[in-house]
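Undergrad: Residue numbers (our numbering): 74 to 188.
Everything labelled a hint here was simulated from the structure, so no lab data went into it. The reader is advised that the hints may include incorrect statements.
Straight-line alpha carbon distances no greater than 25 Å define the calculated DSS-like cross-link-like pairs of lysine-lysine that follow [claimed, not checked]:
no.	residue 1	residue 2
1	Lys131	Lys182
2	Lys106	Lys119
3	Lys106	Lys131
4	Lys182	Lys119
5	Lys131	Lys119
6	Lys119	Lys159
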Amino acid sequence: MHSLLVEMYGVPDALSFLGTEIDDVVTETPFYKVFPELKTKRGSEKTPDICAFDQNHKIVYIGEIKGQNDYRNIMDARNQLYEYLKVLRRNSIPAEGFIIVGDYIEIIKTRCCAS
């Protein structure tokens, strides 16, 4: 179910719930491949399910997806998402986050750093 959800939400049109137009989406790719400047930085090996970019590439939207909608998966997804956002914050990359757990979607609107 996880890979089906990643495939389903791995296209710009599927992320309209973010409230902004998404220009580009990368799925299951380590940070150091998405952001070459992070290649030697701590946490660069972390691999979020979705990295989406707005039209101007000013904000990165990081998404974590879990298959079955239950409390434990929601908490696990949040914790993983916060770890991803910490890596970006440390490296001054503006980002917002979201989790998708089964049919549950939660948007983390707090930006991790100034844009």
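Undergrad: Look at each hint and say if it fits the structure.
TA: Status of each hint after checking the structure:
1. Lys131 x Lys182: holds (15 Å)
2. Lys106 x Lys119: holds (10 Å)
3. Lys106 x Lys131: holds (18 Å)
4. Lys182 x Lys119: holds (21 Å)
5. Lys131 x Lys119: Judged against 25 Å, a Cα distance of about 21 Å means the pair holds.
6. Lys119 x Lys159: holds (11 Å)
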